[in-house]
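J.: Residue strings, one per chain:
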Amino acid sequence: MGTRLGELVERFGGQLAGDPEIEVVGIAPLADAQDCHLSFLSNSKLRALAAQSQAAALILSPLDEPTVAATYGGARIITTNPYAYFARVAQYFAALEEVLPSPGIDPSASVANSADIHPRAFIGPHATIEAGAKIGAGARIDAGCFVGRDALIGASTHLFANVTFHARCVIGARGIIHSGAVIGADGFGFAVESGVYIKIPQTGRVVIGDDVEIGANSTIDRGALADTVIEDGVKLDNQIQIGHNCRIGAHTAMAGCVGVAGSATIGKHCTFGGAAMVLGHLEIADNVHISSGSMVSRSVLEPGQYTGFYPLAKNAEWERSAAIVRNLTAMREKIRALEKTIKTLTKDT
Amino acid sequence: MGTRLGELVERFGGQLAGDPEIEVVGIAPLADAQDCHLSFLSNSKLRALAAQSQAAALILSPLDEPTVAATYGGARIITTNPYAYFARVAQYFAALEEVLPSPGIDPSASVANSADIHPRAFIGPHATIEAGAKIGAGARIDAGCFVGRDALIGASTHLFANVTFHARCVIGARGIIHSGAVIGADGFGFAVESGVYIKIPQTGRVVIGDDVEIGANSTIDRGALADTVIEDGVKLDNQIQIGHNCRIGAHTAMAGCVGVAGSATIGKHCTFGGAAMVLGHLEIADNVHISSGSMVSRSVLEPGQYTGFYPLAKNAEWERSAAIVRNLTAMREKIRALEKTIKTLTKDT
Amino acid sequence: MGTRLGELVERFGGQLAGDPEIEVVGIAPLADAQDCHLSFLSNSKLRALAAQSQAAALILSPLDEPTVAATYGGARIITTNPYAYFARVAQYFAALEEVLPSPGIDPSASVANSADIHPRAFIGPHATIEAGAKIGAGARIDAGCFVGRDALIGASTHLFANVTFHARCVIGARGIIHSGAVIGADGFGFAVESGVYIKIPQTGRVVIGDDVEIGANSTIDRGALADTVIEDGVKLDNQIQIGHNCRIGAHTAMAGCVGVAGSATIGKHCTFGGAAMVLGHLEIADNVHISSGSMVSRSVLEPGQYTGFYPLAKNAEWERSAAIVRNLTAMREKIRALEKTIKTLTKDT
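Chains as they are written, first to last, in my numbering: chain A, 1 to 349; chain B, 1 to 349; chain C, 1 to 349.
Don't take every hint at face value.
[What the hints assert, rightly or not] Straight-line C-alpha distance at most 25 Å; calculated DMTMM-like pairs for lysine to aspartate or glutamate:
#, chain 1, residue 1, chain 2, residue 2
1, C, Lys340, B, Glu333
2, B, Lys199, C, Glu339
3, A, Lys199, B, Glu10
4, C, Lys45, B, Glu193
5, C, Lys314, A, Glu339
6, B, Lys314, A, Glu193
7, C, Lys314, A, Glu319
8, B, Lys343, C, Glu339
9, A, Lys199, B, Glu7
10, C, Lys134, C, Asp210
11, B, Lys340, A, Asp286
12, B, Lys268, A, Glu193
13, B, Lys45, A, Glu319
14, B, Lys343, A, Glu333
15, C, Lys343, B, Glu333
16, C, Lys314, B, Glu7
17, A, Lys340, B, Glu339
18, C, Lys199, A, Asp150
Source of the hints: derived by calculation from the structure; they are not laboratory data.
Predicted, not measured: the structure shown is a model, and the values here were computed from it.
Sequences are here, hints too, so could you generate the full structure?
T.: Put into structure tokens, the structure is as follows:
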């Protein structure tokens, strides 16, 4: 019931060293793999581990092939990016095991007459699809999801259980939105009059491109007048907050708990470590990388890695250093006084 | 199909300079507005942009009126707070376009017999309303919401899809709770015995005043014995966490990802930037403003703006400065040694 | 309708000084308690308050008993851990008032034929239970919850309304999962090829032990290949994010908004203050305590309290100190220059 190595190479490319008739039933890490598994070497430091692997075959790079060929007895699939190859093969095996729901609308779902549900889409139990919403071919709207009026869900996009996707928002093809995410809630916009807040209606949309993944319990607010835009290939982890009118550039990735305040414009191919925060109305260039726990309080126009968090220490040490941080201006004054005194002394001599 | 300027001034006040018969169909920013739009000038620096605006009319302040009157050809509505006026007019136009559900209970909702649903309230698909809950006139409980036993939802309050509002909690009139918010989950309270946690039942409520807005996926915990209180006019953005037994003073606003630990008391008219954190049992006075990303670890009894986050830098620079921060006590010692040596030297001379 | 002190001592232990026939109807803090209440003294500093309490009886420690016996007129239950005793008695009284749903499956729930629902379990309105899922005796799955294919919910575990518990994940007995929590969403795992992310299927599970409590809107991701593991007795507050393949040791507690990146291993009996963050692949030993707002960027192998956040200051003071922090290397250079000059001077003399 396995898949022939020959078939994998036909599907995913790469050069096979070994018998194409060997069958594998799945993929496993070097140390855990059995002789029914394919494994992968994506880090040359693990060559010794590869040599001892029980896997039937390994995915590896041309660089590692000569050494591994000499020490490891199994077949090899040689490819320039073994980790990407592993991802694709893992997707292939996962799809074989996945239990897909049959297309159609669960009888317990509430679907407006004017909603346009593709016959090959799936609408799960207790889902609500409002008037004018359009659900594309192969899309999957799981149990308890809400899709608002005139929203568009692209082909093969998957909303996991209990996602809320508000009116008029749009997501392209092959997207994934994880449970509890809320797309298109009102942005946080108010005018102040005599200390009281007056709500500014949020009438823009959230417009999401193709191949975007949005994590569990993340929130992306709709724009105030214009739209909030998430470009193609963006990957957002869990519990991320994107304020109204932001634009997140294509193929940018953010780890869990990141927050981006309203009207920030973020470039392409950026990465944000967990709990990084971006203030509103800032601009971040392409290829900027923000470390975890760092607060971006000014625009960052030059590519590179940026960091800003207080280093962890034993509590007593932190208390001492934090007390000095609070008084750094005093320390600077002391140094200036010393410099002055010494200037006088050196003049004297 | 537009609205006469004369009618807007009747509704919202202000002084009209121009023809009251001019009709506008909506509101737009200075640069985007067409001759069917009203626009607004809330920042005097944009006077030049106002002069060139295609808008049929502008909302502006008495201060800007003379200059703009001389350069801009359209009508003007003169008012002391143009941004607040804009907000009200925008609400008016948004309400004209809003598709409101008809009052009544969706047949797929689960409503306990003893729940008291006002005939002008709306209960959406798959909503659950438990026994004894009371839903006020004009209130709107959207799809998938849960309203627990004996909870009270005030008149004209709107729970967006998939809100959870637990037993005995209360919200006043004209409130908005966005999708995924959880009101009245248990506070985090335990006794410790031999390293094991014993749960302390959380039997208080969450009591929310009038005109409060709570963002998507925010959480407000019920009190342990007494109540958690959110006063009138408070505005909370998305993904905010309010611990048990907190009190948030009237007209305080918090941006996304703020966290407030249990039993903190926060004054009126405060603001909190995104991801600011407040430790438990602290007191924060009225009119305190906490910057984004700042940790409040002591009570703040004096009004003003407070900040505390590590400044962002290129990663290599941060590594150098963080290494010094870790060793600030050593630096202080060096300065003391220098001061001592110099004292000796100056005595010598 | 109260409970006799004698019965409480029979149930929960402790030594009674006073009349076992006295009845109490509930528990209240020292200052609020009436003569129908039991109260507790868990902090010796409050002895004076205890003396004046109107409570019918007090729970207190042997240490406080002599003083309190002399000043307070009521009965006493003497026990080594009054706070833990209070927690148990409070649970007892809360259970008396709790309105439990009758076991059974709400007619509006969607339950797969092959799901195994214990006859003493409760499945609420609009819940979805997929094929092969198993719900234990006395478990309670409230309105709007989703329990995926082949998931296991242990005996007496309670999922509050709108929890999402994904396929094949497991939770033990007596657990509590609060509303909006998402257990078993995909971990954040991608290979990169030419700047584009390729999803790595997340095929592990989340495996949760007994007596675990998980807060509202918290998220725990399923493992990539192996499982994410939450051991017995762990207590997680609201809005916590646990990445894929983490292990959280038994009886560790985390306050709200904590984030733990993937593959971190955290020991037993640790505590994390609100909004603390842990980077991926780190190891944290048993009995480590991380303060609120602190970023753990290296493994912590020694027990103790650790802290790292920038101290709050008035904004103008923070601006001055932050500017110096940005230039600490310059300050260090100045000190080195001073040291050098002084060395020359002292040699001269």
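J.: So, for every hint listed, does it hold in this structure?
T.: Okay, the hints, checked on the actual structure:
1. Distance hint between C/Lys340 and B/Glu333 is fulfilled; the C-alpha atoms sit about 16 Å from each other, no more than 25 Å.
2. Between B/Lys199 and C/Glu339, the direct Cα distance comes to roughly 58 Å. Violation of the 25 Å bound is thereby established for this hinted pair.
3. Between A/Lys199 and B/Glu10 the CA atoms are separated by roughly 20 Å; this keeps the pair inside 25 Å, and the hint holds.
4. A C-alpha spacing of about 21 Å is found between C/Lys45 and B/Glu193, which places the hinted pair at or below 25 Å, so the restraint holds.
5. Taken as a hint, the C/Lys314 and A/Glu339 pair is broken in the structure, with Cα atoms around 29 Å apart against an allowance of 25 Å.
6. At roughly 41 Å between alpha-carbon atoms, B/Lys314 and A/Glu193 are farther apart than 25 Å, so this suggested pair is violated.
7. Among the hinted pairs, C/Lys314 with A/Glu319 is consistent with the structure: their alpha-carbon atoms are about 18 Å apart, no more than 25 Å.
8. Straight-line distance between C-alpha atoms of B/Lys343 and C/Glu339 comes to about 14 Å, which keeps the hinted pair within the 25 Å bound.
9. For a cut-off of 25 Å, the pair hint linking A/Lys199 to B/Glu7 stands: about 21 Å separates their Cα positions.
10. For a cut-off of 25 Å, the pair hint linking C/Lys134 to C/Asp210 stands: about 16 Å separates their Cα positions.
11. Of the pairs offered as hints, the one joining B/Lys340 and A/Asp286 is violated, with about 51 Å between alpha carbons and a cut-off of 25 Å exceeded.
12. In summary, the hint linking B/Lys268 to A/Glu193 is supported, as the alpha carbons are separated by about 15 Å, within the 25 Å threshold.
13. A C-alpha spacing of about 45 Å is found between B/Lys45 and A/Glu319, which places the hinted pair above 25 Å, so the restraint is violated.
14. A C-alpha spacing of about 17 Å is found between B/Lys343 and A/Glu333, which places the hinted pair at or below 25 Å, so the restraint holds.
15. Between C/Lys343 and B/Glu333, the direct Cα distance comes to roughly 17 Å. Compliance with the 25 Å bound is thereby established for this hinted pair.
16. Our distance criterion of 25 Å between C-alpha atoms is broken by C/Lys314 and B/Glu7, whose separation comes to about 47 Å.
17. For the hint pairing A/Lys340 with B/Glu339, the CA-to-CA distance comes to about 12 Å; that is within 25 Å, so the pair holds.
18. About 29 Å separates the Cα atoms of C/Lys199 and A/Asp150, which puts this hinted pair outside 25 Å; it is violated.
In this structure, the hints that do not hold are numbers 2, 5, 6, 11, 13, 16, 18, in rising order.
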